[in-house]
Amino acid sequence: MSQVLVTADGVPLKTSLARAQRRSKLKAVALVAPLFVFIAVAFFVPIIDMLFRSVENQLVGEVLHRSMPLLQKWDERSGELPEEEVFAALALDFREAKENKSGGRVGRRLNYEKPGFSGLFRKSARGADRMEAPYREAFIALDEKWGDIENWRVIKRESAPYTISYYLAALDMGYADDGGIARNSEDGRIYLKLFWRTLWMSLFITFLCLILAYPISYLLSVLPTAKSNLLIILVLLPFWTSLLVRTTAWIALLQQEGVINDLVVWFGLVDDDNRLAMIHNRTGTIIAMVHILLPFMVLPLYSVMKTIPPSYMRAAKSLGATPFTAFVRVYMPNTVAGIGAGAILVFILAIGYYITPALVGGQSGTLISNFIAFHMQNSLNWGLAAALGAILLGVVLVLYFLYDKIVGIDNMKLG
Amino acid sequence: MKFLHTFRRCFLPAVAALLFAGAAHAQTKLTIVSWGGAYTASQQKGYHEPYMRANPNIEIVNDDSGSGALAKLRAMQSTGKVTWDLVDMVAGDAIIACDEGIAVEIDHDKVLASAPDGTPASKDFGDLIVNDCYIPTIVYSTTFGYRTDLVKKKPTKIADVFDLKKIPGKRALEKRPNNNLEWALLADGVKPNKVYKMLGTEKGVKRAFKKLDTIKDQVIWWEKGAQTPQLLADGEVVIGSTYNGRLFSVIEEEKQPVAMMWDWQMFDLDGWIVPKGGKNEAEVMKYLYFATDTQRLADQAKYISYGPARKSSAPLVGKHAELGIEMGPHMPTAPANAKHTLLVDFEFWANNQDDLTERFNAWLAR
Amino acid sequence: MNMTNENPLVRFVDIQKSYDGVTLVVKSLNLDVAKGEFLTMLGPSGSGKTTCLMMLAGFEPATHGEIYLNGQGINRVAPHKRGIGMVFQNYALFPHMTVWENLAFPLEVRGMGKDEREAKVKRALEMVRLGAFGDRRPAQLSGGQQQRVAVARSLVFDPDLVLMDEPLGALDKNLREQMQYEIKHIHENLGLTVVYVTHDQSEALTMSNRIAVFDDGIIQQCAPPEVLYEKPENAFCANFIGENNRLRGKVVEEVNGNVKVEVDGSDATVEAVKIKVEGVGARATLSLRPERVVVGPKKGEMANIFPARAEELIYLGDHIRTRFTVCGHDDFIVKIPNSAAHAHLREGETVDIGWNAEDCRALDPSD
Chain A
66 MSQVLVTADG VPLKTSLARA QRRSKLKAVA LVAPLFVFIA VAFFVPIIDM LFRSVENQLV
126 GEVLHRSMPL LQKWDERSGE LPEEEVFAAL ALDFREAKEN KSGGRVGRRL NYEKPGFSGL
186 FRKSARGADR MEAPYREAFI ALDEKWGDIE NWRVIKRESA PYTISYYLAA LDMGYADDGG
246 IARNSEDGRI YLKLFWRTLW MSLFITFLCL ILAYPISYLL SVLPTAKSNL LIILVLLPFW
306 TSLLVRTTAW IALLQQEGVI NDLVVWFGLV DDDNRLAMIH NRTGTIIAMV HILLPFMVLP
366 LYSVMKTIPP SYMRAAKSLG ATPFTAFVRV YMPNTVAGIG AGAILVFILA IGYYITPALV
426 GGQSGTLISN FIAFHMQNSL NWGLAAALGA ILLGVVLVLY FLYDKIVGID NMKLG
Chain B
-12 MKFLHTFRRC FLPAVAALLF AGAAHAQTKL TIVSWGGAYT ASQQKGYHEP YMRANPNIEI
48 VNDDSGSGAL AKLRAMQSTG KVTWDLVDMV AGDAIIACDE GIAVEIDHDK VLASAPDGTP
108 ASKDFGDLIV NDCYIPTIVY STTFGYRTDL VKKKPTKIAD VFDLKKIPGK RALEKRPNNN
168 LEWALLADGV KPNKVYKMLG TEKGVKRAFK KLDTIKDQVI WWEKGAQTPQ LLADGEVVIG
228 STYNGRLFSV IEEEKQPVAM MWDWQMFDLD GWIVPKGGKN EAEVMKYLYF ATDTQRLADQ
288 AKYISYGPAR KSSAPLVGKH AELGIEMGPH MPTAPANAKH TLLVDFEFWA NNQDDLTERF
348 NAWLAR
Chain C
3 MNMTNENPLV RFVDIQKSYD GVTLVVKSLN LDVAKGEFLT MLGPSGSGKT TCLMMLAGFE
63 PATHGEIYLN GQGINRVAPH KRGIGMVFQN YALFPHMTVW ENLAFPLEVR GMGKDEREAK
123 VKRALEMVRL GAFGDRRPAQ LSGGQQQRVA VARSLVFDPD LVLMDEPLGA LDKNLREQMQ
183 YEIKHIHENL GLTVVYVTHD QSEALTMSNR IAVFDDGIIQ QCAPPEVLYE KPENAFCANF
243 IGENNRLRGK VVEEVNGNVK VEVDGSDATV EAVKIKVEGV GARATLSLRP ERVVVGPKKG
303 EMANIFPARA EELIYLGDHI RTRFTVCGHD DFIVKIPNSA AHAHLREGET VDIGWNAEDC
363 RALDPSD
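Protein chains in written order, with my numbering: chain A, 66 to 480; chain B, -12 to 353; chain C, 3 to 369.
What the hints contain is simulated information worked out from the structure, not anything from laboratory work. Just to be clear, a hint being listed does not mean it is correct.
[What the hints assert, rightly or not] Keeping only pairs whose Cα atoms sit at most 20 angstroms apart, straight-line, the calculated SDA-like set for lysine to any residue is:
| no. | chain 1 | residue 1 | chain 2 | residue 2 |
| --- | --- | --- | --- | --- |
| 1 | B | K193 | A | L308 |
| 2 | C | K278 | C | L315 |
| 3 | B | K211 | A | P388 |
| 4 | A | K258 | B | N324 |
| 5 | B | K298 | B | E268 |
| 6 | A | K166 | B | K184 |
| 7 | A | K210 | B | I312 |
| 8 | A | K79 | A | L96 |
| 9 | A | K210 | B | Q64 |
| 10 | B | K193 | A | P111 |
| 11 | B | K197 | A | S250 |
| 12 | A | K188 | B | N324 |
| 13 | A | K188 | B | Q64 |
| 14 | C | K83 | A | E209 |
| 15 | B | K193 | A | L91 |
| 16 | A | K166 | B | K197 |
| 17 | B | K59 | A | P77 |
| 18 | A | K166 | B | W208 |
| 19 | B | K184 | A | E209 |
| 20 | A | K163 | B | D342 |
| 21 | B | K193 | A | S250 |
| 22 | B | K157 | A | E209 |
| 23 | A | K163 | B | K263 |
| 24 | A | K163 | B | H95 |
[To be verified] Output of the computed footprint for chain A on chain C, the stretches with three or more beta carbons under 8 angstroms from beta carbons of chain A:
| no. | stretch |
| --- | --- |
| 25 | 85 to 92 |
| 26 | 107 to 121 |
[As the list claims (entries may be wrong)] From the derived model, a few chain B residues whose C-beta atoms are all more than 12 angstroms from chain A:
| no. | residue |
| --- | --- |
| 27 | K59 |
| 28 | R61 |
| 29 | G79 |
| 30 | C85 |
| 31 | D96 |
| 32 | A102 |
| 33 | K152 |
| 34 | W209 |
| 35 | K211 |
| 36 | Q214 |
| 37 | L218 |
| 38 | L329 |
| 39 | E334 |
| 40 | F335 |
In this text, all values refer to a predicted model and were calculated from it rather than measured experimentally. We put the beta carbon where it would ideally sit given N, CA and C, even for glycine.
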């Protein structure tokens, strides 16, 4: 016998409860809304935009909108150049492109795939006005590259609205002459190596930060508040120093004619001709990044250690554990949450750092983020930058997933 | 009637002056993007200040974001909000900007002043006008400086840079393929007029990298122009490439024991592009007419040792405004310095920059 | 039970302790704890009792003096080598281990074999009636259960001596009383020696063989509960243990072990046992337990009989707690048994109340 409970005035209890809770629900939504909008605009939209950019390829088809549909009928395996009608349409496309200055962009886009297109398109946009039928001969007369079937294959391939060529480039691959996908030659492989280097260096930096931060955090957590506050200020000092000051300091300290080398030579540990190379290489990147990322490890560790009552260690000792056993078996397991939080924070920051490695990293200390920045700022190859970024994002997500499986993400404690 | 006339002549301007007192000096603000430091200072003294004196209604604001200008400009264009009026760029970037359609195309003879003898601007600048958007202002060179006290034998030719026996020690090179590949081939004995043809072939690229391999582990790679002067001053490198103006200030202003090695200096250009979509295009064109005339380009050389891009400016280059030394001999274009020079092949790099940069980075990472 | 054993298990000799080098937290401690004894250190916070416990456990070094365990000086013995079980104020159960692992921990670090270990853990868990909870984490247990685990853990490795630092402080009243009996039973069944720290006097009375009352870094009195209650040796103990009426005054006469004291603010003279008071003319505090006062005694039946006015009556079931004004003091509490004889008493009424001289103790004037 299921009887609907009703309130005093006869409204079903559930309806009444829902009504009473609606107000507080609305209030909660209203409180969260600004942050949600902010995150959507400042975080999700850019990421989605980036993922989109890494495959987006509308440009060629849009600008060459007369010739590209005709080119689809062309069989690239035939060994013949496309039909005259394709060239005729191309001439019209180029005339229009010259008007709205879009030829150069298409040229630069195709130049990523094969060097030479940039100049070819600039030249052709300029020359298309004076062209007359037969257009095939006119184009080839303008530049013999138009008679190269290989170039036409590239154009046809990249006229599709979406492309995987950025991802191929980001994985050190490309299209072979037969149209299949192949790894780059030894001379042209770079990004996989950098991804790998970025990963292991970030892990190594995380590890170093942990080793260095653990004792400091422990000290901070057992000191009286007044003293620990002072020490925390010292730990946070790198945050308050401008990047340039920091970099200059590192260079002054670490370079071959720098303070540390001078001291080491003065003490006779190494002789003058064998000064240590600690900057403009991997060592420089590691030292500088450990320095700047250390606070991100110290703070979560400190906040977790602060909550561990001293009675745990005392209890362990009273139960007969040596101080070392007590530390390893009782204290450390209770700091796992802080270790996890600090490690994830440092690792994710390390994997994305690019300014510091660029300044002190030299050739062996640069990371994948430096190349993302390079393609964003210098080469303007945003598609490739987006593909590299997306792969990096994927790697981080996979690692995050593994971390969740192994440590458990709800074990993480940020403060 | 007479009263009315006097009234008009005295009273109305007075009221107007009162009303517009606040805004009287800066009706138009021009934001000009350049490289900052000594270079912007030379533009400020050579171009901006005289122009603002002549046109009190113009206020010029310097923005030092020159190094990332291309990317920022592209981002501005995509959002449709261009806040820059004029941007200083090296020729290679200007070609990209023009290809990308983010720079205004310019009729050089219409917009720019002719030389004092009546030669039209396009002739006066000559083939330094590398595309339809670009107005070159200076010729700078990337060349070498060395520590006079740290080398046993003076380096005299480009091959010495690649000769670890003659010049032992670290050297600083720019972390990009440009110039380095050219120098490698030149040092390897390739004729200057064949350099770019060679670099266009797989064999030539391999040969250049092979030559660079011989000094690879002795190179500190720089990314900012200020690094080599610092590395030289600290004794971290014995020889290094950088822009000749930077070396001029290390030698003449800071009096460091550094000397120039001009052999096969690489000529490059720096100059203006007008961003498409800027709010003050008409004012900018007026400014350009003034700031790129023969006298102004010669004046800039008083403050920095870069050669003016107009042929007609060369005879007018005088003494350094503060140091009082004759600037002529410090110009990369001075006959004694310019025995062996190579002008960057902009067309070549426009086509091959992406590919060779990737090859270069892969080579570095090896 | 003879508590002044020739071979005490624990012996504090002239212990002093200072944290800051300026003030002494423990001024001079001399105390023996016999084997099998349940000794409670009782006192207000800051009295030095917990410090003494920590010195015994080895977590704080003594500034001066020596602590002996089984006749051996242990000042330089590390805590983990002392073999003393300890229950902490907030239990200090290891949150990352299950109950079972918590109990197995002391056995593991002693290198005990797996079978023996399991048997012992099982026995200990059953002792505290938590046999089914071995797989739980401490956070999944109630306060009382956590408490029992903490006790079991401190006992699982069979220590001779167990220290308990306010172990019941975090529990509510009912549970606390229940646990008091449980701990007492465990103590009796296992023949343990327990040193127990608390600031709760009723807890101390319930559980202990002997109570050391701490104040101001000094043991004020150390005696079995009934002695402490019946015969407090100074005003602090009288006041701290149980309810106590205080009358202040001046000694006017001394007669064979008793004194007569003129109470301040009245002309009444009270006869009391002389315990801790100087001779005639000295100030004294008279201490009298509320349950030793009789309402409406016959004349001459008791040494001290005075008229008193009932100010306030609180009905507490088995007795009626009554506040009287007597001898100029308006905070005189009497517990009147709830019997027909006294049912008529009303607020504002004046009656005679009286007590025997031997129930009233003349102590130091204290503050």
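Hints versus structure:
1. Restraint check for B:K193 and A:L308: the C-alpha separation of about 38 angstroms exceeds 20 angstroms, so the hint is violated.
2. Between C:K278 and C:L315 the alpha-carbon distance is near 33 angstroms, which puts this suggested pair outside the 20 angstroms criterion.
3. For the hint pairing B:K211 with A:P388, the CA-to-CA distance comes to about 53 angstroms; that exceeds 20 angstroms, so the pair is violated.
4. With a C-alpha separation of about 42 angstroms, the suggested pairing of A:K258 with B:N324 is violated against the 20 angstroms cut-off.
5. Our distance criterion of 20 angstroms between C-alpha atoms is broken by B:K298 and B:E268, whose separation comes to about 27 angstroms.
6. At most 20 angstroms may separate the alpha-carbon atoms for a hinted pair to count; A:K166 and B:K184 exceed this at roughly 29 angstroms.
7. Only pairs whose Cα atoms come within 20 angstroms are accepted, and A:K210 paired with B:I312 is rejected, the gap being roughly 52 angstroms.
8. This hinted pair does not check out: A:K79 and A:L96 have alpha carbons roughly 25 angstroms apart, beyond 20 angstroms.
9. This hinted pair does not check out: A:K210 and B:Q64 have alpha carbons roughly 32 angstroms apart, beyond 20 angstroms.
10. For the suggested pair B:K193 and A:P111, the alpha carbons sit about 40 angstroms apart, so the restraint of at most 20 angstroms is broken.
11. Proposed proximity of B:K197 and A:S250 is supported: the alpha carbons are some 16 angstroms apart, at most 20 angstroms.
12. With a C-alpha separation of about 35 angstroms, the suggested pairing of A:K188 with B:N324 is violated against the 20 angstroms cut-off.
13. Taking the CA atoms of A:K188 and B:Q64, the gap is about 25 angstroms. The hint is violated against a cut of 20 angstroms.
14. For the suggested pair C:K83 and A:E209, the alpha carbons sit about 91 angstroms apart, so the restraint of at most 20 angstroms is broken.
15. For the hint linking B:K193 to A:L91, the alpha-carbon distance of about 68 angstroms lies beyond 20 angstroms, and the restraint is violated.
16. With a C-alpha separation of about 40 angstroms, the suggested pairing of A:K166 with B:K197 is violated against the 20 angstroms cut-off.
17. For the hint linking B:K59 to A:P77, the alpha-carbon distance of about 62 angstroms lies beyond 20 angstroms, and the restraint is violated.
18. About 37 angstroms separates the Cα atoms of A:K166 and B:W208, which puts this hinted pair outside 20 angstroms; it is violated.
19. Between B:K184 and A:E209 the alpha-carbon distance is near 17 angstroms, which keeps this suggested pair within the 20 angstroms criterion.
20. This hinted pair does not check out: A:K163 and B:D342 have alpha carbons roughly 26 angstroms apart, beyond 20 angstroms.
21. Between B:K193 and A:S250 the CA atoms are separated by roughly 13 angstroms; this keeps the pair inside 20 angstroms, and the hint holds.
22. Distance check on the hinted pair: B:K157 and A:E209 sit about 45 angstroms apart at the alpha-carbon level, beyond 20 angstroms; violated.
23. A threshold of 20 angstroms between alpha carbons decides the hint, and for A:K163 with B:K263 the separation of about 16 angstroms falls inside it, so the pair holds.
24. For the suggested pair A:K163 and B:H95, the alpha carbons sit about 19 angstroms apart, so the restraint of at most 20 angstroms is met.
25. Coverage of a stretch by a chain is defined here by at least three residues with a beta carbon nearer than 8 angstroms to that chain's beta carbons; for the stretch 85 to 92 of chain C and chain A the count is 7, and the condition holds.
26. Residues of the stretch 107 to 121 of chain C lying with their CB closer than 8 angstroms to a CB of chain A number 4, which satisfies the three-residue condition for coverage.
27. Not every CB of chain A lies more than 12 angstroms from the CB of B:K59, the least distance being 8 angstroms, so the non-interface label is violated.
28. With 12 angstroms as the threshold on Cβ separation, the claim that B:R61 sits away from chain A is violated: the shortest Cβ distance comes to roughly 6 angstroms.
29. Under the 12 angstroms C-beta cut-off, the non-interface status given to B:G79 relative to chain A is violated; the minimum distance is some 10 angstroms.
30. Distance check for B:C85 against chain A: the nearest CB is about 6 angstroms away, which does not clear 12 angstroms, and the non-interface claim fails.
31. Every CB of chain A lies more than 12 angstroms from the CB of B:D96, the least distance being 18 angstroms, so the non-interface label holds.
32. Every Cβ of chain A is farther than 12 angstroms from the Cβ of B:A102; the closest lies at roughly 27 angstroms, confirming the non-interface assignment.
33. Remark: the non-interface label on B:K152 is consistent with the geometry, its nearest Cβ contact in chain A lying 16 angstroms away (cut-off 12 angstroms).
34. Under the 12 angstroms C-beta cut-off, the non-interface status given to B:W209 relative to chain A is violated; the minimum distance is some 9 angstroms.
35. Under the 12 angstroms C-beta cut-off, the non-interface status given to B:K211 relative to chain A is violated; the minimum distance is some 9 angstroms.
36. A beta-carbon of chain A is positioned within 12 angstroms of the beta-carbon of B:Q214; the least distance is around 9 angstroms.
37. A beta-carbon of chain A is positioned within 12 angstroms of the beta-carbon of B:L218; the least distance is around 8 angstroms.
38. Here B:L329 stays apart from chain A, with its beta-carbon at least about 19 angstroms from theirs, past the 12 angstroms limit.
39. Not every beta carbon of chain A lies more than 12 angstroms from that of B:E334, the smallest distance being close to 6 angstroms; the non-interface claim is violated.
40. With a closest Cβ-Cβ approach of about 8 angstroms to chain A, B:F335 is found to fall inside the 12 angstroms limit, against its non-interface label.
Checked against the numbered hints above, the structure violates hints 1, 2, 3, 4, 5, 6, 7, 8, 9, 10, 12, 13, 14, 15, 16, 17, 18, 20, 22, 27, 28, 29, 30, 34, 35, 36, 37, 39 and 40; every other hint is satisfied.
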